[in-house]
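Undergrad: Listed below, chain by chain, are the residues.
Protein chains: 2
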Amino acid sequence: MTDISSNNAHSVETLIDVLQTEDPSRIRAFLAKLPPGDEARALATLDKEQQARLIELLGPEKSVELLVKMTGRGVVSVIEQMPLQQAVDIFEEMPSRQQLDILRRLKGKDASRIIEALAPARAERLRELISYPEDTAGGLMIPEYLAFSRGMLVRDVLDDLRDYGEVYSDYAIQYAYVVSEGGELLGVLRLRDLLLAPKSKLLTDIMIKEPQKVRADTPLKDLKEFFKQVNYLGVPVVDTRERLVGVVLASAVREAVNRRSNQIFLQFSGIVGGEEFRTMPLFKRSSRRLSWLSINIVLNIVAASVIALYQDTLEKAIVLAVFLPIISDMSGCSGNQAVAVSIRELSLGLVRPKELLRVLGKESSIGIINGVVLGLLLGGVAFLWKGNPYLGLVVGVSLAANTLVAVSFGGLVPLFLRRAGADPALASGPLLTTITDVCGFFFVLSFASALLSRL
Amino acid sequence: MTDISSNNAHSVETLIDVLQTEDPSRIRAFLAKLPPGDEARALATLDKEQQARLIELLGPEKSVELLVKMTGRGVVSVIEQMPLQQAVDIFEEMPSRQQLDILRRLKGKDASRIIEALAPARAERLRELISYPEDTAGGLMIPEYLAFSRGMLVRDVLDDLRDYGEVYSDYAIQYAYVVSEGGELLGVLRLRDLLLAPKSKLLTDIMIKEPQKVRADTPLKDLKEFFKQVNYLGVPVVDTRERLVGVVLASAVREAVNRRSNQIFLQFSGIVGGEEFRTMPLFKRSSRRLSWLSINIVLNIVAASVIALYQDTLEKAIVLAVFLPIISDMSGCSGNQAVAVSIRELSLGLVRPKELLRVLGKESSIGIINGVVLGLLLGGVAFLWKGNPYLGLVVGVSLAANTLVAVSFGGLVPLFLRRAGADPALASGPLLTTITDVCGFFFVLSFASALLSRL
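One line per chain: the protein sequences are A and B, in this order. Counting from 1, position 64 in the first sequence corresponds to residue 64 in my numbering; the numbering is continuous, with no gaps. To convert, count from 1 in the second sequence and add 455; that's my numbering.
A few of these clues could be false.
If you want a taste of the chain A side facing chain B, the calculated C-beta under 7 Å gives, among others [unchecked claim]:
{"hint": "1", "residue": "L196"}
{"hint": "2", "residue": "N258"}
{"hint": "3", "residue": "S269"}
{"hint": "4", "residue": "I271"}
{"hint": "5", "residue": "E275"}
{"hint": "6", "residue": "E276"}
{"hint": "7", "residue": "L290"}
{"hint": "8", "residue": "S291"}
{"hint": "9", "residue": "L293"}
{"hint": "10", "residue": "N296"}
{"hint": "11", "residue": "L309"}
So, partial list: chain B residues that the calculated Cβ filter (under 8 Å) puts toward chain A [unchecked claim]:
{"hint": "12", "residue": "F723"}
{"hint": "13", "residue": "N751"}
{"hint": "14", "residue": "R799"}
Covered stretches of chain A (chain B as the covering partner; in silico rule of three or more C-beta atoms under 8 Å from a C-beta of chain B) [what the hints assert, rightly or not]:
{"hint": "15", "stretch": "324-338"}
{"hint": "16", "stretch": "350-359"}
In short, the hints are calculated from the structure, not lab data. Since this is a predicted model, take the numbers as computed values, not measurements. For glycine and all other residues, C-beta sits at the position ideal for the given N, C-alpha and C.
Same shape as in the complex, but just chain A (with noise of 0.2 Å):
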């Protein structure tokens, strides 16, 4: 008896003892014993010369039973140390969505030696899968399927099937479909119905009519939507003649949203690319931080020359100095809230980029109340703390008023983005924190200069 977190460190301790024989039977009698999860962990945490000599030493067909149990990543990097040959021997006998998914993630040189080293059909028919965009409907599918013809009966699938039971097995056939003679998509099967109806039936008597399908070009983003609003374990996928082409399961749309939310998170905090891990080498996570930052240091010091503009003032009245940190980063803090809300909002469909009313409405009646409140406990700081009322007032209101510009241009700012085909996730920081930085100082410097005398 096996439970997920038993066993692991055993396994790799003894793969690697059994690697050390050289003996590929006496490897391969222990990988078949060990519970089907395992195997690929344990090679998962195998280092990179273990893992050659053991695909070596296992041949393609049985290495590649072993690769398809792993995930992108790890396959990848395994494919990457293989001399040519071997890598393509493996790859040839993986399933068309792994090959993709493989193709996707290598660099452009090692995935074109790799499909030069294909068969001529199998070559142009990867090219022609992977020149879908990634996270269209073409590019999520899986390109393989069950498709039967409209004159059969139950009872010839059922056959059908028993008889090419080894070669569909590599196949999803959750669903199977019934097409026309040129390919049109006419209905869909569901596995169940086939076991559970009489065998003499036609399929076009059991079949789903008119069943839902997508074209190839339906972005991510109607996909999760479609998802969301049926509850299918997958959908077919249909090019601009109605042929059948593939099927989208909505395991793969989930996969693909949650990558895109996870992509969000960390451009929202400055990664571009939305994608670093700390195995990745340091000029690279360096880089990549840097050229965000450059744009940022930029834009504050544009924002923070509003400073230098009244230096005058703030001469004569130091204390302002360190009120205008606090809100800058308070604005910011408010601020961003709001892009927060509108960037997840945009990226679940919940608002479109045009209702600019309907957000600035919404946000800027939070803008009053927290505006409100957080002007009075910094106004009330500052009064206590120099026991001057105008000094109060003048930090307090500041605070109010930028509260409120920074919580509806939050609101807005993604969306106007949106709408100009930049990326919310990455550019709404540094945009928001530079109008909130200029308004707050401006707020301050300029409220405290009429004032200036009683301060």
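Chain A is fixed; fit chain B onto it per the hints.
TA: Using the frame of chain A, we list chain B on its own:
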């Protein structure tokens, strides 16, 4: 022929028209003609009264057929509007998975009123299921499954499926299970193996033996890890006595992870609770945001008090007031990049909270590189602006040093918070900016004090 973007506006309009006839059979006929996904979509866009009226006219059984196609939030708002008896009638027709989802989302009182109105055995079962924490295998599992006893043949199962097809059609039958007399899990049957195997085989010959399984209390993190390593549609869940109690689908795990990672993004931006939609009441939205802002403003005042301590220095070199907000903001940005990477790696299980030294090593090297670059940039600007190399030195060195502090602490703070049992996504930002502000202000102003005669 329908595709996912068409027909929407059209169907809604017509559904409202048909609803106004108040003729149940006409409404049913209309709904029957809609393609599958469009029914639920049309229902979701009706207003509350129209939905209630529609459900009343359709009766519970037909209504459930519609409601099961809607997502959680939508169904709950429909159920909340109903009189108790109507709600119970509809509830009883739903699959357990959706019943649990609704009970979890309903407010406590509504949920217990519905449970109390059910048959005692059913109520007991639901109370037991709902007692599993939401983000564990028990909370995520489908509590219905197909289980067969060990003596049966493939033929027996196929006959059983054919006979009880009607009943099973609500189940997620990608897998069936073989159990002992006491209910312990012995093996897994894949539906396609049942189809492809000779009928006279024993189930125990075609089942996957010693199957992977998880305990009901397995947390989401481990489930995610599990499905990352093995490419299964689902995994059986057993209780402490190894008895089968349900099935967790990979898709349910992905959805839960997705929900968590959206929460992380919003909490990181200061949305307490990790959930805000603009449809929520104004007061709830503003007070949640305020609770986080209030803590922030207190921390900001603490940090800015460092500036107050150096008022004399500032008075003599007022130009520093321009650079204080820049250093505060840039250090916050650099630090937050590191925070985001740590939060992401924590949530993916790529870093453990105790790996402080590894993270410190990885981050401090970035801190040095980026610190030097940013310090040269800002120092250069300061020098060019005032023509004073000492001003450039003070500002540049301070930013460089503080970038190193910010990036190093940024990487560590989420790990500390996780070890202390706090939520890194919510608390890292305020904690980090307080540290970086205090250090940054201290660096600039104490360094400036030392070089005061030259500024």
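Undergrad: Run every hint past the structure and note whether it holds.
TA: Right, here's what the structure says about each hint:
1. L196: holds, 3 Å
2. N258: With a minimum Cβ separation of about 5 Å from chain B (threshold 7 Å), the hint on N258 of chain A holds.
3. S269: Holds - the Cβ of S269 of chain A comes within 7 Å of chain B, reaching about 3 Å at its closest.
4. I271: holds, 6 Å
5. E275: violated, 9 Å
6. E276: Where the cut-off is 7 Å and the nearest Cβ of chain B is about 5 Å from E276 of chain A, the hint holds.
7. L290: holds, 5 Å
8. S291: It is violated, given that the least Cβ distance between S291 of chain A and chain B is near 11 Å, above 7 Å.
9. L293: Holds. Min distance 6 Å.
10. N296: This interface hint holds because 5 Å falls under the 7 Å limit.
11. L309: violated, 10 Å
12. F723: F723 of chain B check passes; min Cβ-Cβ to chain A is 7 Å, inside 8 Å.
13. N751: Holds: closest Cβ of chain A sits about 5 Å from N751 of chain B, inside 8 Å.
14. R799: holds, 6 Å
15. 324-338: holds (count 11)
16. 350-359: holds (count 4)
Hint check: violations occur at hints 5, 8, 11; the rest are consistent with the structure.
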